[in-house]
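Residue numbers (this note's numbering), protein chains in the order written: chain A, 1 to 506; chain B, 1 to 162; chain C, 1 to 359.
In case anyone wonders, no lab produced these hints; they're calculated from the structure.
Fair warning: this is a prediction, and the values are worked out from it, not measured in the lab.
The beta carbon of each residue, even a glycine, is placed where N, CA and C say it ideally should be.
Straight-line C-alpha distance at most 20 Å; calculated EDC-like pairs for lysine to aspartate or glutamate:
| # | chain 1 | residue 1 | chain 2 | residue 2 |
| --- | --- | --- | --- | --- |
| 1 | A | K155 | C | E271 |
| 2 | C | K63 | C | E119 |
| 3 | A | K137 | C | E268 |
| 4 | B | K161 | B | E147 |
| 5 | B | K41 | A | E23 |
| 6 | A | K18 | A | D37 |
| 7 | A | K210 | B | E17 |
To give an idea of the interface, some chain C residues facing chain A are shown, with a C-beta separation under 7 Å as derived from the structure:
| # | residue |
| --- | --- |
| 8 | E210 |
| 9 | S212 |
| 10 | S213 |
| 11 | G215 |
| 12 | N223 |
| 13 | T281 |
| 14 | L290 |
The lines below spell out each chain.
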Amino acid sequence: MAIPKKLREFDVVRDDEKCIRCEVCCRMCANDVHSYDAETDKVSADSAKCVGCHFCEDVCPTEALVIKRNKSQIKRNANWKNDALGNIIKQANTGGVVLIGMGNDRPIRDYFGHIVLNASQVTNPSIDPLREPMELKTFIGSKPDRIELVEKKSKIKNTTEIPPQLELETPVLFTAMSFGSISLNACKSLAKAACDFGTYWNTGEGGLHKDLYPYAHRCIVQVASGRFGVDREYLKKGAAIEIKIGQGAKPGIGGHLPGEKVSAEISSTRMIPEGTDALSPAPHHDIYSIEDLRQLIFALKEATDYKKPVGVKIAAVHNVAPIASGIVRAGADFVVIDGIRGGTGAAPQIIRDNVGIPIELAVAAVDQRLREEGIRHRASLIAAGGIKSSGDVVKAVALGADAVYIGTAALVALGCHLCQRCYTGKCNWGIATQDPYLTKRLNPEIGAKRAYNLLRGWSLEIKEMLGGMGINAIESLRGNKEQLRGVGLHEKELELLGIKHAGEAW
Amino acid sequence: MGDKKINKPRRIIIREEYCMGCRLCEVWCIVAHSKSKDIIKAYKGQEPRPVSGIYFEERGAISFTLQCRHCEDAPCLEACLTGAMYRDKKTGMVLHNKDKCVGCWMCIMACPYGVIKPDFKEKKVASKCDLCIEREFPACVEHCPNEAIILVNKKGERIDKE
Amino acid sequence: MRKRLIPDIDYRVPSACGVTGIMNQKGELFSGEAIYASICNMLERGNGLGSGFVAYGIYPELKDYWCFHIMYENEKAKENTEDYLKRNFGIKHSEPIPTKKVKSLKFIPLLWRYFLGIEKNVESAEDYIIKVVMDINKEIEGAFVFSSGKNMGIFKGVGNPDEIGEFFRVPEYKGYIWVSHNRFPTNSVGWWGGAHPFGILDWSVVHNGEISSYGVNKRYLENFGYFCTLSTDTEVITYLFDLLVRRHKIAFETVGNILSAPFWSQIERIENKEERELLKTLRMVYGPALVNGPFSVIVANSSCMVGLNDRIKLRPLVAATKGDFLYISSEEAAIKIVSPQLDKVWMPRAGEPTIGKLM
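Bound-form chain A, shown alone (with noise of 0.2 Å):
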């Protein structure tokens, strides 16, 4: 028979008139689509292994590429789409799984992009961040529900403990991110970024590598179900620690690094042999309930002397809130809810598309239902999965979040052009590879100084919204849903929220 081939997603087109033969694209594209033929003095291009990462369109010195989208479409039809009959093909060519990187990519409803805020009019002034001081200042770690003061020699003093805190200077964190499913400079470059600007960034279940101890002193240590690069001297060096029992992109299913990309580096990273794969179990085999988790906490919180706080962060499911109240009472000082546009560098496509739910809903639940049970003071709750703009920071901390995590957004400000093909090793951007060829391309200085903008920039949006509420300060928009309305949204998705509709006064 006539085997189908791959379904061509994208076609190069070059316009030859401005096209100089410089071979910038040939020698830059990992996926060998250009070729420059000397006989015929053409540059040409096999469209069919474009992943669309637009890399040489950048880097082409005279715009002479466009890279566009679906010339290759079947017949028009309401139920069968391209994406779904190629993955077919792929399937029975392979008998596989289909894999896939990066978040969700289907409409499942952007409840963000459903959300409006507020701004004071005549009986409250706005406020101008340029002028007057707006505070972000987030702590993320358990405090007390009140404290004990004495006074002591005309002095107020404050006699009750409280738990370790991370400080960050804007309610935004760069999220779990390993070395191994992206580049040592690409963690260097968030690292950097983070320390700069006064956040957070997160090993991922990468393990330390020693060129990061510099900016361990900023980071979330994370204690995987694969538990690589875990020691106490791994510990001791994070600022926090974080127990991931799932991600957005792929709740219930496990990591696997392929043997290929375990170089020197990595094997000394996550400790293990180079060369072999290396497997994350679905679950931590230590933790089948949630008496196992606590166990764990306390495991880690002895082993760090009760001094960093310790976190869990799960995937957004249908039973979030009631697991986030037991993570909650297990001694967490933090939980990170991770929604279903939650990104990864390699899952079956199958998973990422269909499991989870909407971070907006889950945060709401989770933080309705931690006040509900007098507890949520006693932990943080950090939201990640489809932060794509600092309006989305506001809503999701007036949703209730003390503070969110970016992946994607972090990514992008690197270069990623959410091409999803992060599992293939090949991202020519230098971020998803460990490719040496590939990994220089980006340079860390750059890479940091582009996702400090990044937090810049939204940290002044951010502090632009809020001084249009005539909130000065980040805590009174935290859980304020006074502050969101709904558009086009059905009353079960409004309570769900616990916001109004737009057009409903106070």
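Following the hints, put chains B and C in place on chain A, whose structure we already have.
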């Protein structure tokens, strides 16, 4: 980028760990030394295409570019019979005057870095990095997408693009 | 009454206001004429849709009894409430609140006051009174307790302060703390209970402002069992004071550092490490109690009167002293009309509480 003639010493530093091997430095070196300074005309127009003053070296994943080091103790200056190769007093750069060049190629023989290119047709020196003395910022530095080629001042401090 | 007269129970109505308070710090009684003159000098700050007075020390003969001021929509509500009160208290004395006829006032409810003694065995009299007040206000239709302290009373209604003051015969009472309020709500409200001062136990609060952090404060208070049913900013502020001062035993000076917390930049400049750490801890733990947005507020109880501004002083507040008298007001003119020769006049700084205590 203005085309003010610069009058302060400066130096190009190559950071091979960030060189991604795109060779855009060569492309823009050629454009900067072309008559029109227009990339399409320089490559596809009627004017003669200049030769890049940059050498690109690559083996495996390691790559870097090399251009005239403007040595303090420059052997090419010693070797030049006619004074075509000379040192600019203000900037300390080693420059080449084509009008005086007789094409003996002694400079090419003398250069320890091999960064002077011969012109076989005209029997002259074809190209040598002039640190873009006509430009505020050397073309290769300006266009390196990964800041693998950087510019420093006399003290070794980095000069950044505005 | 709820449906017809309580639109501001269902909605938050932003208001601008005039507030004024006078305290004799030796506890000497003085007539309500002063406060009446003071608030009436700020008529511009209201629009006739609410004003009120609170006075401390006005019932010296019955000072050991809890005094409830209750408004009724009809006789039925009164009957039900009195049944309820008889079941739960010993009623020492009850009477209609004395009023004078003022033609311009509308929707006047029945106004009664009761002096009650707790005869049951209760663990905490205060918590019992709070429960009773919330019960009546929630369960008995057409009845609303608007004052529930000892030896103090709130008088309020829909009207200009001159009308309301005359109606309740305010100048005829004598007290040692007087606080008054003149309201400028942004939509028409017709319910007498929606006027201010707002009070619970011997707490009373008058407030000028709109709290942008309402949503946070309200949900924070729920964590501690306070449920805001009136949808007013004043209610939130009252409960915050009750939580922090009565339940968490924090001094007024420190409460100022919580409700109108200093900025981080100010905190970082403090040289004394302990002081710096304390302020940091307060903000960290009590962040959700930060009251954000413009406000000036006067809070009183039997032993003190406190004025407080928001952290960037977006609403006016001026203070003055003359002998044993402390004055706090939206406008200096409202003080000067009472006491033209003052010892000291100052503008309290943003977030800095002005505290008057019984000596």
